[in-house]
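When you line the sequence shown up against my numbering, it's residues 2 to 451, in that order.
If you are wondering where the hints come from, they were derived from the structure by calculation, not from laboratory data.
Incorrect hints may appear among the rest.
Pairwise CB distance ranges (calculated) [unchecked claim]:
(1) 24 to 212: 24 to 30 Å
(2) 280 to 23: 23 to 29 Å
(3) 38 to 196: 40 to 46 Å
(4) 274 to 428: 26 to 32 Å
(5) 135 to 320: 36 to 42 Å
(6) 321 to 263: 46 to 52 Å
(7) 58 to 311: 32 to 38 Å
(8) 245 to 58: 20 to 26 Å
(9) 261 to 23: 57 to 63 Å
(10) 82 to 212: 31 to 37 Å
Just so we're clear, the structure is a prediction, and the values are computed from it rather than from any experiment.
Even glycine gets a Cβ: it sits at the ideal position worked out from N, Cα and C.
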Amino acid sequence: MGKITLQQAAEWCGGKIDPKYKDITFLGANNDTRKLQAGQLFVALKGVRDGHDFIPAALEKGAAAVLCTHTDGDYPAIVVEDTRIALGNIARNARQHLNMKVVAVTGSVGKSTTKEMIATVLEGTYKVSKTPVNHNNDIGMPMAILEMPENTEVAVLEMGMNHFREIAYLTEIAKPDIGVIINIGTMHIEHLGSKEGILQAKLEIREGMPENGVLILNGDDRLLWGQRLNQDFRKVYFGLDNPDAAVRGSQITEGDGSTQFAVRAGQEAFTVTLPLDGIHNVSDALAAISVALEMGVTPADIQRRLAAFSNMEGRQSIYRIKDFTIINDSYNAGPESMAAALNVLGSKEGRRIAVLGDMLELGVNAQAEHYKIGRIAAEKADLLFAYGPAGERMLNGAVTGGMVGKARAFTDRERLVQALKLAARPGDVLLFKGSRGMRMELILEAFLQD
2 MGKITLQQAA EWCGGKIDPK YKDITFLGAN NDTRKLQAGQ LFVALKGVRD
52 GHDFIPAALE KGAAAVLCTH TDGDYPAIVV EDTRIALGNI ARNARQHLNM
102 KVVAVTGSVG KSTTKEMIAT VLEGTYKVSK TPVNHNNDIG MPMAILEMPE
152 NTEVAVLEMG MNHFREIAYL TEIAKPDIGV IINIGTMHIE HLGSKEGILQ
202 AKLEIREGMP ENGVLILNGD DRLLWGQRLN QDFRKVYFGL DNPDAAVRGS
252 QITEGDGSTQ FAVRAGQEAF TVTLPLDGIH NVSDALAAIS VALEMGVTPA
302 DIQRRLAAFS NMEGRQSIYR IKDFTIINDS YNAGPESMAA ALNVLGSKEG
352 RRIAVLGDML ELGVNAQAEH YKIGRIAAEK ADLLFAYGPA GERMLNGAVT
402 GGMVGKARAF TDRERLVQAL KLAARPGDVL LFKGSRGMRM ELILEAFLQD
């Protein structure tokens, strides 16, 4: 979005401004003074810390104006009752002024990777903007929209949630033309009660879509396949196992850090090579391919662009450092993605070490799911270092699976790192993975120090 005047933004969100500042403009918005750029709108949110306490720092860094509930001085400001809702309203109106298509991506596992793949296959055919890392919620996504250039032709937006009505809120802001639901897993089941509850929360994405919108769904997911009978939107299914999926993947081969597979979609048939390990990435790629074909991208361009795909740091980044092979999948974790990461670890040559943090927001399923992951770790890894309150349960699963004397549980990060440094030796392959709240990247950074 280009520059917005305070007068325009105030009308969009129902805020009040001092008339002498009505022609002040801002470009983009931010709620973090550490990342704030000169000329942006500073959003004073009330959270653990009251954002109003940081208004002086924001103005000192060059904020063009402030979105706040009250002022204590004379500076450009939009005064509203609720800054979070006001930010959403400004972004909603900005999106309507941008002449662009919107692709919205949600699902339990692999949202960020799928979002990155979709952006990759569309770039070159369209001018693409996308949500950056950690911008998939009711604060980050609106800020991402406000930062998009005016010449954006396609916006690829990731939508996350852990409660009902959160995606409903995001989709009303984004108004997606294409909605993508990649799977229904067990992440956030603590708040949503069941996989059926998670399904209903993900399907909220439909509420902001136009009548001619398109839903792209995973045909291998039983719950999503069941939606084919609903006549609300045109649906395109992708899958590996479902013979009735419109976009099908088959003939998967893995090796040398890449995965190759065949694609058939109607009369189109072509092969794709992903520079990633793991069959689970093929499903994400099929979602991206489905979007690309829907938007007129040629198979040749899809092949070329996916062959050069590079994922975000912390999403199954595999590299060699200090005589170790590191699998950095530390960004987040749930039962499905944890099992997939362990499968990748199990495919590697060398002594395999799994450093696994707790999977959060599983509610009453937490004990059983951590035990299952311990059992899988016993099959795929040679050593297990479990971290967090549920680590003992993961340890029990590993021991039951035969990993006697080769699995340990820790609740202290420093002790885990010390033990890991003593155990690791050149040539080992180490997987680091856990839920976002476990900050597994800090364990990886500490391990690589000295």
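Status of each hint after checking the structure:
1. 24 to 212: 24 to 30 Å: With a Cβ separation near 38 Å, residue 24 and residue 212 fall outside 24 to 30 Å, so the hint is violated.
2. 280 to 23: 23 to 29 Å: Hint violated: Cβ distance 56 Å, outside 23 to 29 Å.
3. 38 to 196: 40 to 46 Å: holds (41 Å)
4. 274 to 428: 26 to 32 Å: Between residue 274 and residue 428, where Cβ atoms are some 27 Å apart, the hint holds.
5. 135 to 320: 36 to 42 Å: violated (22 Å)
6. 321 to 263: 46 to 52 Å: Violated - the Cβ-Cβ distance for residue 321 and residue 263, about 30 Å, lies outside 46 to 52 Å.
7. 58 to 311: 32 to 38 Å: For residue 311 against residue 58, whose Cβ atoms are near 35 Å apart, the range 32 to 38 Å holds.
8. 245 to 58: 20 to 26 Å: Because 57 Å falls outside the window, the suggested range is violated.
9. 261 to 23: 57 to 63 Å: holds (58 Å)
10. 82 to 212: 31 to 37 Å: holds (33 Å)
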